[in-house]
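**Student:** So you can see what is in the structure, the chains are spelled out below.
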Amino acid sequence: MDTIAFQGLIGLSLAMYLWLISAGLTIIFGVLRIVNFAHGSLFMMGAYLAFTFYGQLGLPFWLAILLSLLGVGLLGLVMERFFLRRIYSIDEAYQLLLTFGFILILDDAVKIIWGGVFKIPPIPAFLDGAWRAFGRPFPVYNAFVIAVGLLVAVLLWALFEKSWWGRIVRATASDREMANAIGVNVPRVFSGVFMFGSMLAALGGAMGTPVRVASPGIGAAMIIQAFIITVIGGLGNLKGAFVSSLMVGILSAYGTLFFPVFELFFIFVIMVVVLLVRPQGLFAR
Amino acid sequence: MTASALLQVAGLRKRFGELAAVDGVELTLVPARLTAIIGPNGAGKTTLINLVTGALRPDSGRIYFKGEEITRLATHHRVRKGLSRSFQLMNIFGRLSVLENVLVPVLSRLGRTVDPFSRLEREAEARAEAEQILAEIGLGHARAHPAGAISHGDQRLLELGMAIAPAPALCFLDEPSAGLTPVERTTVLDLIRRLSVERRTTFAIVEHDMDVVFSLSDWIVVMNRGRVLAEGPPSLIRENREVREVYLGEDALA
Amino acid sequence: MVLILVVLPSLAGRYSLYLVIQILILSVFSLGFNLLFGYTGLLSFGQAGFFAVGAYACAKILLAVPNLFLGLLGGVVIAAAAALLLGFLSVRHTRIYFSMLTLAFGMMIYSIAWKWRDFTGGDDGLVGIPRAPLAIPGLPALSVASMERYYYVVLVVSLLAIWLMYRLVNSPLGLALQAIRDSESRAEFAGIAVRTYRLVAFTIAGLYAGLAGALLPPLENTVTPPIAHWSTSAEPVLATLLGGIHVFGGPIVGAFLFFMIKDVIVRFTEYWLIWLGVIVVALVMGFRGGVVSMFARRAARAEAASDR
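Chains R, C and E are the protein sequences, given in the same order.
All residue numbers for the first sequence refer to the numbering used here, where the first residue is 1 and numbers rise by one.
All residue numbers for the second sequence refer to the numbering used here, where the first residue is 1001 and numbers rise by one.
All residue numbers for the third sequence refer to the numbering used here, where the first residue is 2001 and numbers rise by one.
So that you can see chain R by itself, here it is in the shape it has in the complex (with noise of 0.2 Å):
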């Protein structure tokens, strides 16, 4: 039984790095309608960036996140400026293969700059440690991740339902004419939007190094259960994602305690079934 409680909670943590990956993926799609397949690379460049401010420049723990955040925004800002921007008018075929050819860029410049092999930065000291719970040591860093998991969720909520700007952003997501038409921005929001999103994975990444490490590969294996999860709640539906993130992350936990063989291959069959049978989502109204 504490095993099985234990194990929840592990999946709680990690359900926290697919929600804020997905989060991400999620607002961006919701408001320009563009599957960003390099989400999973801006996760990965917000982890190295972590590394560097972090592991080698040694700045302070908060500000080398904060820093990270700002250049993995940055960069999604020039990748919607002045790429993406010019393409929205065609087929959205073109959209995927140019945010694939985005992956390809940033996985080997991450390999250019920082090599090919893994790196972990020491956990804080004021994180370090564990808990006891269920009878076990549970690491403090994971009840860390899931805290600020939790609050980045309950600011989105505040910021997307009670917010003005959250509101513009709304309104942009539902009707770009209309928006446009009562004298919203447009570009801006868009810009404004893919900027954030991007943060939101770097948000995920650079927290994730002390403990999931940072290595080429894993832009590409975060972006796979980013596309899982997203599908999962719904394209676009932010509470979907957050669910979905929970169910996902909490069953991939007790997936490798019951059935660790096929625990990659049964979450891509709810991932079939949800766009077979509910494609708007398993949480959609």
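It is worth saying that the hints were derived from the structure and are not from the lab.
One thing to keep in mind: the hints can contain errors.
With a cut-off of at most 30 Å between alpha-carbon atoms, the simulated DSS-like pairs for lysine-lysine come out as follows [what the hints assert, rightly or not]:
{"hint": "1", "chain 1": "E", "residue 1": "2060", "chain 2": "E", "residue 2": "2115"}
{"hint": "2", "chain 1": "E", "residue 1": "2262", "chain 2": "R", "residue 2": "119"}
{"hint": "3", "chain 1": "R", "residue 1": "111", "chain 2": "E", "residue 2": "2115"}
{"hint": "4", "chain 1": "R", "residue 1": "239", "chain 2": "R", "residue 2": "162"}
{"hint": "5", "chain 1": "R", "residue 1": "111", "chain 2": "E", "residue 2": "2262"}
{"hint": "6", "chain 1": "C", "residue 1": "1066", "chain 2": "C", "residue 2": "1081"}
{"hint": "7", "chain 1": "R", "residue 1": "119", "chain 2": "E", "residue 2": "2115"}
Fit chains C and E to the known structure of chain R by using the hints.
**Tutor:** For chains C and E alone, coordinates are given in the frame of chain R:
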């Protein structure tokens, strides 16, 4: 079921959320009578066409074509049975040539599109027929142009050509004259008139232009709020008070 | 062109032959992909799944029965059957949902290749696959053990596949697929059973992927799970984009360019993918017709100029 009916629609309903777009339509179309379906915006005309041709499934009601029920039949099967349409918004094969646009429905009718090895140039029968259609709609000169690159008026003509290419018994035309210059409009109307005589096709058009409606049609069906309000020959419809109030009245005032 | 390919073994060394075989395999793979993308309008991100099914099926057969003919045939048939099955489900969607479904199916096949140790050898893959003799029933068995002999097998099979695809896209069926690409609803009203035709295109694309995959194990003598990964699915996408999606020969030219770019850049730096990425971005931003149509346009302009 009326013996002479080409198409019969009974109790047809379709809701979109709160809106009953088609709300219990009863309609009979008879062969060789050019029918115009009119009504204000949102009256359910296009939804009706979508239901009859199979682009949408009705919530309830039945559709009979040539005495056979087709309510749940897939679109392409309806086309095979002789039911065809054009679209309100331009809908052509943009990257294919003008000739190929007409060739596709002709090949399909001849059952030739399943052949993966024959060469298109050797499809003599289909090509001859497609050329014939291009000649009828006056686009022979543009046969090799990509359909997406010809003028809007020519695309409208091409739409008409594609709609008649399956050699339909009944062909719906959804606003065939929309967005055309007066000259182009005359061409299209003359063409519809000529085609309905020369081919054994019965046309049913949805149209907003009352001049077109009254000059072209033998029979007028007036729709309002998802129902058939009145139907009859143009002379009677013109005199119908109810129709004038909901529809013609608005037009006359505007 | 074909003549050069035929006499190539007497001119070029083993490495060049190996490279040309790879180009031919990617050409066949990409042609199948482009039947789906360029001609039918469906962007699949799961073609590597069928490539892997072809490769693993061929490898298993060759390990059991040393006959290349059976290996290739088995690879093609089993991949086509897999494509028919998964295609039946996939073609219910179009656009992004179709891409996501095919991605998921491809990754399911990847996870099977990776995890089903007893059958696929897990991450070690299958090793020691023989370049078995080609024994077509009714004909004497032919040894293809040398690189040169195997090159001719791949050449003949690929040319046949290219020719068949050329006939297909220029047939009434090919025209119907292009009509579906341009307008699904209009194609329905032309009397075409759109979903069935999409399934046909999907199955043929899977068959071509399977054929390409089946040609690989006798060349490499091994098969490993990464060939089923989605990044392998990206190879025909990139090759097709490089060469041009709206020209029949685009995928073939693209496959050639793909390996040339790789071969040239790898001489200077191990980081060739970054340059491929730069090229992809440049192509999408500026030359969506691909290289072939770029030259076709230039040739047409030159012709027009000389007419004057």
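**Student:** The structure should be examined with respect to each hint, and the outcome stated for every one.
**Tutor:** Results for each hint:
1. A distance of roughly 16 Å separates the Cα atoms of residue 2060 of chain E and residue 2115 of chain E; the hinted pair therefore holds under the 30 Å criterion.
2. A distance of roughly 28 Å separates the Cα atoms of residue 2262 of chain E and residue 119 of chain R; the hinted pair therefore holds under the 30 Å criterion.
3. For the given pair, residue 111 of chain R sits about 28 Å from residue 2115 of chain E by alpha-carbon distance, which is consistent with the 30 Å threshold.
4. Taking the CA atoms of residue 239 of chain R and residue 162 of chain R, the gap is about 15 Å. The hint holds against a cut of 30 Å.
5. Of the pairs offered as hints, the one joining residue 111 of chain R and residue 2262 of chain E holds, with about 17 Å between alpha carbons and a cut-off of 30 Å not exceeded.
6. With a C-alpha separation of about 9 Å, the suggested pairing of residue 1066 of chain C with residue 1081 of chain C holds against the 30 Å cut-off.
7. Distance check on the hinted pair: residue 119 of chain R and residue 2115 of chain E sit about 27 Å apart at the alpha-carbon level, within 30 Å; holds.
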